[in-house]
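K.L.:
Sequence:
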Amino acid sequence: MASPPGLRDQLQRLLSLAAPDEGCALLLGERPEAEGLWRLRGLWPCLNDWPQPAERQRRFAIDPREQLLAQRWGRTRGLEVLGHAHSHPHSLPEPSATDRRLCVTPALMLIQGPRGEQRLWWLADDSPSVLPVPWRMDG
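Using the working numbering, read the sequence shown as starting at 160 and increasing by one per residue.
Quick caveat, the hints were computed from the structure, so don't treat them as lab data.
Ranges between beta-carbon positions, derived for each pair: (1) P179 - E253: 14 to 22 angstroms; (2) R259 - P210: 17 to 25 angstroms; (3) E192 - P273: 34 to 42 angstroms.
Please read these numbers as outputs of a predicted model, since none were measured by experiment. Glycine residues also receive a C-beta, built at the ideal position from the N, C-alpha and C atoms.
Let's have the full structure, built from the sequences with the hints guiding it.
P.N.:
Okay, structure coming up:
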């Protein structure tokens, strides 16, 4: 996946603002068929809507209404929701068992760790495997 300069830093700041809770956002962009490279073009900040506030330090949920708003907004600009991002303020930036269990696949998932490190993952349909995805900045 490719993204414009600065977007990765913007995402890092956005997800860090929610600490000590998990932060979350939707990833907006394009999937050009000819190039085979997904392009991240924007972020849709979301509130952590996990139903038990005391558990938001280790869990997150995105309100489905926010997802619909992001999809509608993106369509008017030639973008689509590529996946989501969330932070793990207390653990490694790897999909947890809960992340894998609650995720609707196929899915692109970006996770930010406690030091701001970010990793991108692909969760395939009906597969227990989680694959790392390379991410580069376009300049």
